[in-house]
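**Student:** Going down the list, the protein sequences come from chains R and A. Going by this note's numbering, the residue at position 102 of the first sequence is 104; the numbering climbs one at a time, nothing skipped. Going by this note's numbering, the residue at position 57 of the second sequence is 78; the numbering climbs one at a time, nothing skipped.
By construction, these hints were calculated from the structure, which means they are not laboratory data. Do not rely on the hints blindly, as some may be mistaken.
[Unchecked claim] Computed list of chain R residues with no C-beta within reach of chain A, every gap over 10 Å:
hint, residue
1, Met3
2, Ala15
3, Ile19
4, Phe22
5, Ala26
6, Leu41
7, Phe69
8, Leu76
9, Ala86
10, Glu101
11, Leu105
[To be verified] Label-pair restraints from in silico Cβ distances:
hint, chain 1, residue 1, chain 2, residue 2, range
12, R, Ile68, A, Pro403, 47 to 53 Å
13, A, Leu45, R, Ala82, 38 to 44 Å
14, R, Pro57, A, Gly61, 54 to 60 Å
Beta carbons: idealized from backbone N, C-alpha and C, even for Gly.
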Amino acid sequence: MIPLPFYLLLAAALFCIGLFGALARRNAIAILMGIELMLNAVNINLIAFWRYIQPAAPTWDLAGQIFALFVITLAAAEAAIALALVIAIYRSRDTVNVEEVDLMKW
Amino acid sequence: MSLSVPDLNLRIIAPVLIVAISALVVLLGELVTSSAQKRGLGYASLVGLLAAGGAAMGLWDAHAVAFREMVRADNFGVFLTLTILAGAVLCILLSFDFTRAHRIETGEYYALILFSVTGMLLMVTAADLIIIFLALELLSLPLYILAAFKREDERSLEAGLKYFLLGAFSSAFFLYGIALVYGATGTTNLARIAASAPSEMLLIGAGLLLVGFAFKVALVPFHWWTPDVYEGAPTTITAFMSVAVKAAAFGAFLRAFLVALPALAMDWRVVLAIIAVLTMTLGNVAALLQANIKRMLAYSSIAHAGYILIALVAMGGAGVSAALFYLLAYTLTNLGAFGAVIALGEGERERLNVSDYGGLARMQPLLAAMLTVFMLSLAGFPPFAGFVGKFLIFGAAVQNGWAWLAVVGVLNSLVSVYFYLRPVVAMYMSEPVEGWGAPRVAPLVALALVLALIGVIALGVFPAPAIALAAGGLGR
C-alpha cells in the first residue's frame with residue numbers, strides 16, 4: 003500500500019499548482035480552472051484520509067467518500083455560474099481579462 | 022453489514038425546509054405569472070419567511086440533534102435563524118419598488134434570495150463541517166448571481182464576477198482546511214473533533230478554516246472584495262449581503278471555533294485578536310475617505326465584523342450572547358440605513374454621494390430623522406441598539422481579560438462617529454442639491470423603515486429581553 007504522506011504531498015502539490023494558476027492568470031476562465039484544480043486536490047486528500055482512517059472507524063462511516071462526491075457536484079454548480087457570469091461580462095465588455103474589468107477601484 | 026435508518030427528525034430542520042419549498046414555489050410561480058403579477062411572488066416569499074419564523078420559534082428550548090448529529094437545534098441557532106429571517110423580510114419589503122424601478126422585477130430575484138436564506142439557516146443549525154461547507158456554498162452561489170443581477174449595468178456584472186472569483190477561491194481554502202481537520206481527527210462532527218487530541222495538522226486545518234470564514238465575514242486581510250461588490254451590486258442585495266451573510270457566517274464561525282476547537286484556543290485567540298484590531302482600524306479609517314455612501318457602508322461593515330470578532334476572542338457565555346445581540350442589532354440598524362438610501366432614490370437614480378444628501382431635512386424631515394437614528398446607532402450612541410451591542414461586547418472582553426482589545430474597540434468607535442455623521446450633517450446643514458426633487462417614499466419601503474426603527478429603539482431602550490434570549494446558549 004502506498005503510504006499516506008505520498009498522497010498528501012500529491013494533493014498539496016496539485017493545490018499549489020491550482021493556487022498559482024488562480025493568482026497568476028489574467029483570463030477569468032483560466033482562474034476558474036485553477037480553482038477547480040484546488041478543489042480536486044482536496045478531493046484526493048479526502049479520499050486518502052478516508053482510506054487510512056477506515057480500519058478503525060465503523061463500516062457506515064463514509065464521510066470522506068461522500069464529501070468528495072458532494073465537492074464534485076458543487077464544482078459543477080460553481081462552473082455553471084462562473085461561465086454564465088463570464089458570458090454576461092463578455093457581451094458587455096468584449097473581454098474576459100480580469101485586469102480590464104476595473105470600473106471600481108478604491 | 023447492517024443498515025440502520027438514521028433519525029430523520031424533520032421538525033429540527035423545519036425552518037430550512039419551509040424556506041426551500043417556498044423558493045421552489047416562487048421559482049415555478051415565475052413561469053405562470055405575467056410581468057404585472059411579479060409582486061405576488063414577493064408576497065409569497067414573505068409568507069414563506071414568516072412561516073419559517075413560526076417554525077423556528079417552535080424549536081426554542083428543543084435542544085435536539087438529528088440526521089446522525091449533522092444538524093442541531095439549540096437556542097443559539099434559533100436566535101440566529103430569527104435574526105436572518107428578520108433581515109430577509111426587511112430586504113424583501115425594500116425590494117418591491119426597487120426592483121420595479123431598476124427593471125429587475127422577476128420571480129428569480131425572490132427565489133434566489135430564498136435559496137440563499139435556506140443556506141444561511143442550514144449554516145447556523147449545522148453541527149458538522151460537511152453541512153457547514155454545503156450550507157456556505159448554498160448561501161454563496163445565489164448571491165453571486167444576485168450581485169450581478171442588474172445585467173445591463175456593467176458595475177453589477179463586475180461585482181458578481183469579483184465576488185464569484187474571490188468567493189470560490191476562498192472556499193477552496195476552507196475545503197482544504199476541512200480535509201485536514203478530517204485527517205487529523207477522523208471525523209467531521211464538531212463535538213467529536215473537540216474530543217480528539219490536538220495535533221499540528223489540526224492546527225493547520227483550523228488556520229485554513231479561519232481563512233474561509235474571514236473571507237465570508239470580510240475580515241482584514243481577506244476584505245478586498247467587499248467595497249467593490251457592495252458598490253456594484255443592486256442596493257437591496259448589498260443590504261441583504263451586509264447583514265444576513267454576516268449573521269450566518271459568524272454563527273458557523275462561533276460554533277466551529279467554540280465547540281470544535283476550544284483545545285486550540287490558546288493559539289487562535291491571539292491571532293483573532295490581532296485580526297480584530299486590523300479589521301476595525303482599517304475598516305474605520307478607509308470609511309473616512311469614501312465619498313460614495315455604499316462604499317462607506319461597506320467599509321463600515323468590515324469594521325463591525327471586527328467588533329463582533331472581539332466577542333469571539335472573549336469566548337465564554339458572555340462573549341457568545343454579546344455576539345448574538347450585536348448581530349441582531351446590526352441587522353436591524355444596517356438594513357435601516359440601506360433602506361433609507363433606497364427610499365431616497367428616484368427611479369433608477371440613487372443618492373450615492375454624501376453631497377446628494379444636502380438639505381433633505383427640510384424636504385423629508387421624517388426620513389432624515391430616521392437616517393440620523395440609524396447612523397447614530399451604527400456609531401454606537403445611546404439610546405439605540407448599536408450602543409447596547411458595543412457595550413455588551415466590550416464588557417465581555419474586559420470581563421475575560423482582554424481589556425486592551427476593548428480599548429482599541431472604543432477608540433475605533435470614536436473614529437467612526439466622523440463618517441457616520443457626514444450624511445447627517447449634509448442633510449441638516451447643507452443646501453439642497455440641484456437636480457433632485459423631493460423623494461416620494463413607497464408604502465412598503467416606509468413599512469420596512471418603521472419596523473427597523475422600532476427594532477433599533479426597542480433594543481436600545483429595553484435590551485433586557487433580547488439579552489436574555491441571546492444568552493440561551495450554544496449546544497455542545
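**Student:** Each hint should be assessed against the structure and marked as holding or not.
**Tutor:** Consistency of the hints with the structure:
1. Met3: Check passes; 16 Å lies beyond 10 Å.
2. Ala15: Given a closest Cβ separation of 13 Å, the condition holds.
3. Ile19: Label holds. Min Cβ-Cβ 12 Å, cutoff 10 Å.
4. Phe22: holds (12 Å)
5. Ala26: The claim stands: Ala26/R keeps its Cβ more than 10 Å from every Cβ of chain A (closest is about 13 Å).
6. Leu41: violated (6 Å)
7. Phe69: Its Cβ does come within 10 Å of chain A, the nearest being 5 Å, so this is violated.
8. Leu76: The claim is violated: Leu76/R sits with its nearest Cβ about 5 Å from chain A, within 10 Å.
9. Ala86: Its Cβ does come within 10 Å of chain A, the nearest being 8 Å, so this is violated.
10. Glu101: The claim stands: Glu101/R keeps its Cβ more than 10 Å from every Cβ of chain A (closest is about 12 Å).
11. Leu105: The claim is violated: Leu105/R sits with its nearest Cβ about 5 Å from chain A, within 10 Å.
12. Ile68/R <-> Pro403/A: 47 to 53 Å: Since Ile68/R and Pro403/A have Cβ atoms about 51 Å apart, the given range 47 to 53 Å holds.
13. Leu45/A <-> Ala82/R: 38 to 44 Å: violated (18 Å)
14. Pro57/R <-> Gly61/A: 54 to 60 Å: holds (57 Å)
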